[in-house]
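Asks: My numbering numbers the first residue of the sequence shown as 1 and each following residue consecutively.
It should be emphasised that the hints constitute simulated quantities derived from the structure, not laboratory data.
Worth double-checking, as some hints may not be accurate.
For each label pair, taking beta carbons as the anchor points, the in silico distance ranges come out as [to be verified]:
#1 V280 to D491: 13 to 23 Å
#2 Q512 to D100: 28 to 38 Å
#3 S104 to K472: 38 to 48 Å
#4 R416 to S79: 21 to 31 Å
In silico DSS-like pairs for lysine-lysine, Cα to Cα no more than 25 Å straight-line [unchecked claim]:
#5 K142 to K178
#6 K220 to K209
#7 K342 to K393
Treat the numbers as computed from the prediction; the structure is a model and nothing was measured.
Even glycine gets a Cβ: it sits at the ideal position worked out from N, Cα and C.
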Amino acid sequence: MLPLLALTAALLLAPLEPVAAPPSPKADSPKSQSDRDPKMSIIGVITSGDSSSAIVETVIDAPVKRVWEVFTTSEGFTSLGPAKANVDFRVGGLIKSTYDPNGSLDDNNHIENEIIAFDPERMISFRIHKPPATFPYPNAWKSTWSVVTLEPVGPDRTRLRLAMLGFGKDEESQKMHKFFEVGNAKTMQSLRQKLGSDEARSKSEKAWKLLTGLVGDSWKGCSTLEDGQKVCATTLWTYGPREKSLIFSIWLNEASTKSPHIHQVISPEPATGAIVYTAVDDGGNIMSGHVTLTTDDTVTMDWNSEHADGAKFHQFVTLQITAPEAYIQRNYGSAADLAANKPWIEVTYRHPGPAPSAPGSSAEPATPTPGKPTSMIDTNLFEADGRSDLIVKTDAVIDAPTDKVFQAWTTAEGIRSFLDIDSKVELRVGGPFELYFGDTTAPEGQRGSEGCQVLCFIPGRMLSFSWNAPPKFAAERARRSCVTLLFSPVDHDKTHVELTQSGFGTGGQWPQVHQYFSSAWPQVLDALKEYFQSQSSGAARSK
């Protein structure tokens, strides 16, 4: 058995001996699941232009900080399997590893990944810098890169998504695609098992005990909405077969023999003990997520919903359980509202009497076609440590679908639409990302972000690019920081844009550069917001 590899940008583990790879899921088929692990979701193969990508995700019973350390520290990286590893965590830094206890991090069989972008505790992107001498795909690896994203789904649980992009259509690339498809799933399965803690299992068991305490008679509660409308609901909790699951139903207003407003199935995962749920409402909308223990009497449901019209929402629901007397349900529109304890609705349920009679891809958005998938990134320009405390964060909600907002950032026409400046933007790894803010007659190098490049991207979801300082900071302008944009649908015609700039230096005028961009980036997002608002207003007037 040859050693395992930790290769491109997702630290993928895959044996070098031949493996029986499953058939690749067809394009636009997000519902495919791994036969090896029912908790491993293969989101699908996204084809764009002459390249394709594979996206896999899972949920790990560990906080984001712990998962982040796996990908950014030498000790954390060895938890993936290598006998030795060294992580130089910065843009342009190398992750060197070997599976041979007697091997060296400088011999022909060690592996090198190059970090090309990151957003602290949210995203890190890699590409293969040097495969081992025995790697069976001598050319296909050169065009690929990978993006790992982390999302908290509770205080002790992380959704980990791995997107590997840039596979060509040639035979060698497609064979390597299948090779890594198996490796990706095995890596994430192994990581979930290694990081899953006894503490997380204990919390899940306590959460399950709280929920099962609601089984029995029906519950009823009423609440008044902001518009003055009074809404009442009746709920019923029952056991599923062999008491391995809970069935939770809600009837709006008066309960009847008709189908409930929402029907939900909740159960612990056998492998991890994590509590998951799936729900369908009477409008055909689907909700899913995880249930976590927040306090001794409260659980939080990570409420991910996909509506019948394609709109997607990410909300949170808490159940504070004081059974057998009552329980309180609170719905929050965002993680920020949850943290601030600002629910948009709160209902206290109590026992009213007899129970009611029981009843009887997500696809990725369309995006611009990227050009050739790879080109040289000058990572030598990045010298700042990835753990610098100097970080810029800002966000905005834009009145436009996600694909249009993504296009506004990734084409010259899009940049001009909201900034009214010339630019040179090519959506490919290593492609130019040059915005010319200054006088076009100014000397070359003094016009804007000349020399900056696209570091990585996920079509319609994420864009990361290198960035330089304004000309007045001469020494700092010669170096690079990293800017990452995350695009999340709020509904079918609104997009949440989150911008993070990291990788600042600590000496010289870097604090002033940080202060400059802390003011500048919110203005850029304001311009983006105003442009799409004007487009929306114009469309409304034309009707």
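Asks: Take the hints in turn and mark each one as holding or not.
Replies: Hint check:
no.: 1; hint: V280 to D491: 13 to 23 Å; in the structure: holds (19 Å)
no.: 2; hint: Q512 to D100: 28 to 38 Å; in the structure: violated (47 Å)
no.: 3; hint: S104 to K472: 38 to 48 Å; in the structure: holds (46 Å)
no.: 4; hint: R416 to S79: 21 to 31 Å; in the structure: violated (47 Å)
no.: 5; hint: K142 to K178; in the structure: holds (16 Å)
no.: 6; hint: K220 to K209; in the structure: holds (21 Å)
no.: 7; hint: K342 to K393; in the structure: holds (22 Å)
The structure is inconsistent with the numbered hints 2, 4, although it conforms to all the rest.
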